[in-house]
Every structure is written in C-alpha cells, then in structure tokens.
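Undergrad: These are the residues of each chain, in order.
There are 2 protein chains.
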Amino acid sequence: MEKRITVNNTDLKTFVVGVLKNVGLSVENAQITTDVLISADCRNIESHGVARLKRYVDGIKTGIIKLECMLDIIRETPVSLVIDGNGGMGQPIAYHAMKKCIEKAKQHFMCFASIRNSNHYGIAGYYTLMALEENMIGISLTNSAPLVVPTFGKNAVIGTNPISIGFPGKNERPFLLDMTTSTVPRGKLEVYSREDAAIPDSWACDEKGNPSIDAAKVLDNLIARKGGGLLPLGGGIELTSGHKGYGLSAVVDILSGVLSSGAVGLDVYGKKGAPAEVCHFLGVINPEAFMGLDELQNNMDYYVQMLKNASKADGQTRIFVAGEKEYEAMEKNKTTVSLQNKVFNTLNEIGAEFGLSLKRID
Amino acid sequence: MEKRITVNNTDLKTFVVGVLKNVGLSVENAQITTDVLISADCRNIESHGVARLKRYVDGIKTGIIKLECMLDIIRETPVSLVIDGNGGMGQPIAYHAMKKCIEKAKQHFMCFASIRNSNHYGIAGYYTLMALEENMIGISLTNSAPLVVPTFGKNAVIGTNPISIGFPGKNERPFLLDMTTSTVPRGKLEVYSREDAAIPDSWACDEKGNPSIDAAKVLDNLIARKGGGLLPLGGGIELTSGHKGYGLSAVVDILSGVLSSGAVGLDVYGKKGAPAEVCHFLGVINPEAFMGLDELQNNMDYYVQMLKNASKADGQTRIFVAGEKEYEAMEKNKTTVSLQNKVFNTLNEIGAEFGLSLKRID
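Residue numbers (our numbering), protein chains in the order written: chain A, 156 to 517; chain B, 156 to 517.
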C-alpha cells in the first residue's frame with residue numbers, strides 16, 4: 156500500500172488558491188479551480204484532484220493556458236449558447252458557462268452550451284452537481300487528448316471523452332453518472348503498470364491494434380507516439396461491442412467540438428506548446444419542462460429504490476446507483492482528505508516557490 | 156446458412172399494410188408502422204423488422220396494444236412535451252411525437268418529448284432519421300422489457316434501452332448511432348443458441364449473477380423467470396466497466412419513464428396481459444441553435460473523414476463511422492430485401508387469415 160497523508164480541507168483550499176493566485180489567476184478563478192480539484196479528491200477521483208495542480212501551473216507558465224478567462228458568446232438563443240473560451244482555464248470557463256445555462260433554464264426551461272477553445276476542466280461531474288444543487292437536471296461532456304483507438308484502428312484518435320448526467324432525488328441522493336467512454340481512463344493503466352499486473356484485454360491495445368494486457372508497454376507506446384492506446388467501452392472488437400463505446404466517444408466530440416466549430420479528435424492538444432483547444436458541452440434541463448420537480452423527485456426515489464432493492468448476485472451485498480459511491484466518499488471526506496505521499500510532496504515543492512506550505516494533520 | 160427468400164419492397168409494404176389494416180389499424184398508422192418495420196429490414200436490423208409482425212398482430216388481438224392512437228399532450232412548453240400514448244401502437248405514437256418535435260425545433264431551436272404508455276416502437280434509429288431528413292440533429296431513446304441485470308445483481312431489472320443520436324453531414328452520410336446499452340440484444344443470444352456456440356462472457360449472466368457462456372441456458376432462465384439475463388455494455392463486472400453500461404441504461408429509463416411519470420424498469424411489461432407501458436424520449440435540435448447547418452455539416456464531414464482515414468489495425472481495411480454499415484445496406488436493399496425462410500413463411504401464415512399473400516421474386 157502506498158503511504159498516505161491526511162490534510163485539512165480548508166488548509167488544502169487555502170494552499171491551492173494561494174498557488175493559483177501566485178501564478179496569476181484572479182481570486183475568483185483560483186477559488187473556482189480549487190473547488191473543482193478538491194471536490195474530485197473528496198469524491199475519491201484522485202486522478203482529477205490536486206494531483207493535477209502541477210500540470211495546470213505548468214500550463215499557465217508555458218502559456219498553453221491563458222490567465223484571462225474571457226468568455227465570448229459567439230451565438231445565443233433562449234435555449235442555447237456557443238462560447239469561445241479564448242484558451243483560458245477550463246474550470247472557470249465551464250463554471251461560468253454552467254451558471255449561464257442554469258439562469259437560462261430557469262427562464263426558458265432548458266439550455267445547452269457548446270464551448271470551444273477551453274482547457275482541461277477537471278471532473279465532468281462537478282458541473283452536473285451545479286445543476287443538481289439547483290434541483291435541475293445537469294449534463295456535462297468534454298472532449299480530451301486523443302488516447303483512445305477507434306474500432307478497427309491502431310492509433311489513438313479520440314479522447315476518453317466523459318459523459319456526466321445527473322437527476323435530483325427527494326429522499327434518495329441524486330443519480331449522478333460520470334464516466335469515461337473508454338473502458339478505463341489512462342490512470343488505471345498507470346496503477347497496473349506500477350504493480351506490474353496484467354490488465355484485462357478490453358482496456359488497451361498495442362501498436363498493431365491488437366488487445367494488449369501489458370500496461371507499461373501501452374503507456375510507453377502512447378508517450379513515444381508509436382501507436383495503440385486505450386480501448387472504447389466494450390473493448391477492442393465488435394464481438395464485445397467496442398464499437399458502441401467508440402460511437403459514444405464520437406458523440407461527445409461532436410456535441411463539444413463540432414457544434415462549437417472547435418477542435419475534435421486529433422486536433423485536441425494537436426500542436427505541442429499551442430493551446431489545447433479542449434471543447435465542452437454543458438446542459439441544464441428545468442424539471443418544469445416535464446412533470447415538474449416534485450414528480451421528478453418522487454419518481455427518481457421510486458426508480459433508485461427499485462434498482463437498489465433488486466436481488467444481489469451471489470457474494471454481493473449491494474447494488475449501487477450511479478454516483479452513490481462518490482456521495483459516500485464526499486460525506487466521509489467532509490473536513491479532511493487523504494492524499495498520496497507523492498502528491499503531498501509535489502504540492503509542497505510547487506508551493507515552495509511562492510513561500511507556501513501545506514501542513515499534514517496526521 | 157439459413158435459407159433466404161427475396162421479396163420486392165413494394166410487395167412487402169402492400170402486404171404488411173394490408174395485414175395491419177385488417178387487424179384494425181387506420182391506413183395512416185398501418186403505413187407508418189410498416190415503414191418502420193421495413194426500414195429495419197433494409198438496414199439489416201432483421202430482429203426489429205417484419206419478423207416482429209406476428210408479435211404486433213398478437214398484441215393488438217389480445218388488447219395489449221390499443222388500436223386507437225390518441226396522443227394526449229400532458230404538458231407542453233416551447234421546447235418540451237410530455238405525451239401519453241394511451242397504450243396505442245408504438246410506431247405511430249413515436250412518429251407523430253417526432254413530427255411535433257421537428258415542428259417545434261423549427262420555431263424554438265429544439266424540442267424534447269418524454270412519452271409514456273406506448274408500446275415497442277421498432278428501431279430507435281427510425282425517428283432519428285426523421286430529424287436527419289430535415290437536416291436537424293435527432294435523438295431517440297426507449298425503455299424496454301427488463302432483460303438486463305444491473306452490476307452486482309442477479310435478476311433482470313432494466314431494459315436493453317437503446318440510444319440513438321444522429322448528426323447530418325454534407326458530402327459524408329449522416330453520423331447515426333443506434334445501439335442497445337446492453338452488450339448485445341437478446342436476438343444475438345438466440346443466434347448463438349441455435350448454433351450451439353459459446354458466447355463471450357460479457358454478454359449474459361446465469362441465475363446467480365455470474366457471467367455465463369451458455370446462451371440456451373440464459374434464454375431458458377429468462378423465459379422461466381429463474382434469474383440471470385443480458386449484461387450491460389462493458390460486461391458483468393466492474394473491472395471491465397459493466398457499471399457504465401448499467402448507468403447508461405438507467406439514464407434511458409429516466410429520460411423516458413421518469414420524466415413522463417411512466418413505467419420504468421420492472422414495471423415495463425410488468426403485468427401479463429396488461430398494457431406494456433413502454434416509454435420513449437425523443438429530441439430534435441435545430442443546428443441554428445449552434446453554429447448553423449452549413450458549419451455543422453462541414454465540421455461533420457471533417458470529423459468523419461478524420462475517423463475514416465485513421466490508421467487501420469493489422470488485418471483491417473476500414474474504420475467505420477456509426478450508421479455507415481446500415482446506410483450501405485439501405486442502398487443495397489433499395490428495391491428488394493431478403494428475408495429468412497422462416498420469417499417469409501410466418502408472414503404468409505398471418506396473411507392467410509385475411510386472404511393476403513406475399514410473393515417471392517427469386
């Protein structure tokens with residue numbers, strides 16, 4: 156087991172905001188970005204938490220991420236927005252766009268935004284949560300660096316392109332799906348590579364396009380651009396329906412990058428040192444567009460209970476509903492959160508430059 | 156190889172319309188239903204084609220499917236509809252609802268309809284195609300009989316709940332995804348069962364909830380309600396991300412049945428001899444809500460070509476885009492279509508009751 160270190164959430168917040176302010180973000184944008192990152196850690200999605208701070212800081216320093224966060228509205232109707240993020244930080248861009256969607260959905264029943272020229276925006280589910288907090292239905296999709304190989308291909312052309320969608324409950328917690336359209340995200344290969352364990356053959360393929368069980372080799376190939384990569388949900392062959400995950404990944408690319416005339420597929424992170432041109436698609440649906448909030452919540456409770464109460468497989472004691480594990484983690488990590496030793500040390504190295512340090516409490 | 160028989164599409168159409176009129180459908184609704192069925196055969200989705208005519212005829216005779224097709228609009232906003240289908244035929248209900256969505260999307264940029272108390276509506280992609288024919292983005296989802304086992308469960312609680320979404324191209328054909336959220340539909344198990352071949356372990360599970368490679372046993376268990384069933388996209392375990400397919404299936408149930416206060420999960424086809432209470436979710440997005448039709452089509456062409464032109468895996472010569480195979484089948488089957496011998500004979504048995512016969516042309 157890797158060593159872990161516990162920190163206070165408020166200490167962590169002060170520290171990360173401090174770093175982001177020092178590299179030049181406005182207070183508001185530093186706070187938004189920090190909240191997205193720490194939310195990921197609290198929801199046990201460590202791969203998208205403060206462990207990414209270094210990448211963001213480096214991105215800002217090298218100019219790939221612009222400090223200013225100017226949202227240009229390219230087109231607007233009562234129920235839609237096309238936004239240009241002008242290469243700014245992904246988190247504040249998506250946060251402000253989602254706020255606009257919520258406002259418009261209150262007035263006009265729904266709103267969808269397609270956003271171009273942004274950057275990595277953290278966990279997709281954060282923006283869905285923003286809608287859920289307003290008792291609305293939330294949708295959050297983003298394209299990402301090409302790491303996934305389409306069915307019958309051998310090179311990574313599409314992203315892990317996550318889909319998040321959430322519906323509010325009444326007595327039950329919201330249903331909150333947040334999933335990559337690849338079988339697994341890249342981080343899972345890194346874990347297996349460190350442990351030298353074989354990966355299931357639906358996770359990744361080699362440079363010839365054949366399913367691979369060697370995580371280290373797949374990661375090396377991706378870095379050296381030799382071919383191969385992650386596989387879509389369903390795996391690398393039609394027999395196990397890998398073409399469905401590939402299709403869903405393409406839908407995310409289209410809603411995010413095609414509808415906004417932004418970057419898609421290979422063009423995302425397409426030029427080294429140039430803006431990443433990540434695109435997002437956000438949506439909010441007001442329950443009043445359908446049967447209203449009260450019926451929606453009651454119906455959701457009924458449905459969620461039907462799923463949870465279904466008969467369990469031999470050896471299993473629970474059937475989970477999307478988001479349940481993350482909500483339980485969030486409740487557990489309300490005041491403190493544990494970080495990998497390595498992540499804790501890297502944070503302090505980043506902070507040292509600005510005279511900031513993060514203290515451990517265990 | 157099973158014997159096949161070729162028929163003329165117009166003969167087939169006249170025959171199926173004739174049968175449906177004779178069991179009591181209006182001319183218009185008989186024509187709509189027939190077009191949905193034959194479109195499936197022409198697109199090589201035989202499981203949802205005229206092979207299903209007997210089930211529809213039986214459904215009407217036993218009163219599970221109502222002859223009248225009355226769409227009650229329960230709630231309406233400029234961009235949404237909640238519709239009660241009053242237990243009528245699924246195809247005309249979904250057809251008329253999609254027509255309304257298209258009209259509203261022309262005026263208000265988009266429209267989504269959640270529909271309750273309907274019946275099996277054929278291929279999801281048919282309604283998406285209706286939007287594509289108007290150069291709009293189409294969405295079509297439906298819940299279905301509970302045949303799929305959620306992750307960590309052992310009984311079928313959710314449907315194969317398909318997702319269809321389509322985007323128009325300019326020189327390229329439209330991108331048209333039409334997929335069940337289970338790894339495979341039930342029909343695939345039937346094929347393997349007939350051939351006595353082992354199925355991949357991500358397709359189905361036994362009555363204890365463990366992955367099974369025995370198609371015949373899984374089908375027997377489903378019929379006898381002994382437990383087990385189809386597995387969600389990604390398979391039966393978390394390691395291969397079966398929980399993602401399960402989550403997507405639930406989203407379809409929620410948009411179709413929860414938003415309309417209709418039936419979900421186990422309640423679909425819940426009582427023998429009673430209305431099936433199938434629910435659908437349809438949507439149309441006008442490209443003018445985003446960058447307009449011209450840019451959308453150009454961007455789609457660019458994206459589709461990027462996918463098609465990507466490097467092929469060893470031994471492969473093509474990368475397909477969603478819907479491509481079905482469009483090619485449709486072009487091939489423009490004037491004639493081939494049916495399984497068994498299907499052809501069953502059609503003539505159904506027709507005999509009304510003095511109708513279908514002639515073969517080979």
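Think of the hints as simulated: they come from the structure by calculation, not from any bench. Since the model is a prediction, treat every value here as computed from it, not as a measurement. Mixed in with the good hints, there may be bad ones.
One copy or two, it doesn't matter: identical chains are merged, so the pair holds either way.
Claimed, not checked - Here are the simulated BS3-like pairs of lysine-lysine, each with C-alpha atoms no more than 30 angstroms apart in a straight line:
#1 K255 x K381
#2 K343 x K463
#3 K158 x K221
#4 K254 x K489
#5 K343 x K363
#6 K325 x K209
#7 K467 x K514
#8 K343 x K467
#9 K514 x K426
#10 K426 x K261
#11 K426 x K463
#12 K480 x K168
#13 K261 x K176
#14 K261 x K363
#15 K363 x K480
#16 K463 x K381
#17 K497 x K209
Undergrad: Hint by hint, note whether the structure agrees.
TA: For each hint, the structure was consulted:
When the C-alpha separation of K255 and K381 is checked against a cutoff of 30 angstroms, the pair qualifies neither within a copy, at 42 angstroms, nor between copies, at 50 angstroms. Within a single copy, K343 and K463 get their C-alpha atoms as close as 27 angstroms, and across copies as close as 28 angstroms, so both meet the 30 angstroms cut-off. For the homomeric pair K158 and K221, neither the shortest alpha-carbon distance inside one copy (35 angstroms) nor that between copies (64 angstroms) is at most 30 angstroms. Proximity of K254 to K489 under the C-alpha cut-off of 30 angstroms is restricted to the intra-copy arrangement: shortest distance 24 angstroms within a copy versus 49 angstroms between copies.
Within a single copy, K343 and K363 get their C-alpha atoms as close as 21 angstroms, and across copies as close as 29 angstroms, so both meet the 30 angstroms cut-off. Taking the shortest Cα distances, K325 and K209 never come within 30 angstroms of each other, neither inside one copy (39 angstroms) nor across copies (43 angstroms). For the identical chains of this complex, K467 and K514 are neighbours neither inside a copy (43 angstroms) nor across copies (51 angstroms), given an alpha-carbon limit of 30 angstroms. Taking CA atoms no more than 30 angstroms apart as the test, K343 paired with K467 passes in both settings, with 27 angstroms inside one copy and 25 angstroms between copies.
Taking the shortest Cα distances, K514 and K426 never come within 30 angstroms of each other, neither inside one copy (38 angstroms) nor across copies (61 angstroms). When the C-alpha separation of K426 and K261 is checked against a cutoff of 30 angstroms, the pair qualifies neither within a copy, at 39 angstroms, nor between copies, at 39 angstroms. Taking identical chains as interchangeable, the C-alpha atoms of K426 and K463 lie at most 30 angstroms apart only when they sit on different chains, with a minimum of 21 angstroms there against 47 angstroms within one chain. Within a single copy, K480 and K168 get their C-alpha atoms as close as 23 angstroms, which meets the 30 angstroms cut-off; across copies the closest is 51 angstroms, which misses it.
For the identical chains of this complex, K261 and K176 are neighbours neither inside a copy (33 angstroms) nor across copies (46 angstroms), given an alpha-carbon limit of 30 angstroms. In the homo-oligomer, the alpha carbons of K261 and K363 never lie at most 30 angstroms apart, since the shortest distance is 50 angstroms inside one protomer and 46 angstroms across protomers. In this homomeric assembly, K363 and K480 come within 30 angstroms of each other (Cα to Cα) only across copies, at 24 angstroms, whereas the closest approach inside a single copy is 37 angstroms. Taking the closest pair of Cα atoms, K463 and K381 come within 30 angstroms of each other only across two copies (19 angstroms); inside a single copy the shortest separation is 45 angstroms, beyond that limit.
In this homomeric assembly, K497 and K209 come within 30 angstroms of each other (Cα to Cα) only inside a single copy, at 12 angstroms, whereas the closest approach across copies is 64 angstroms.
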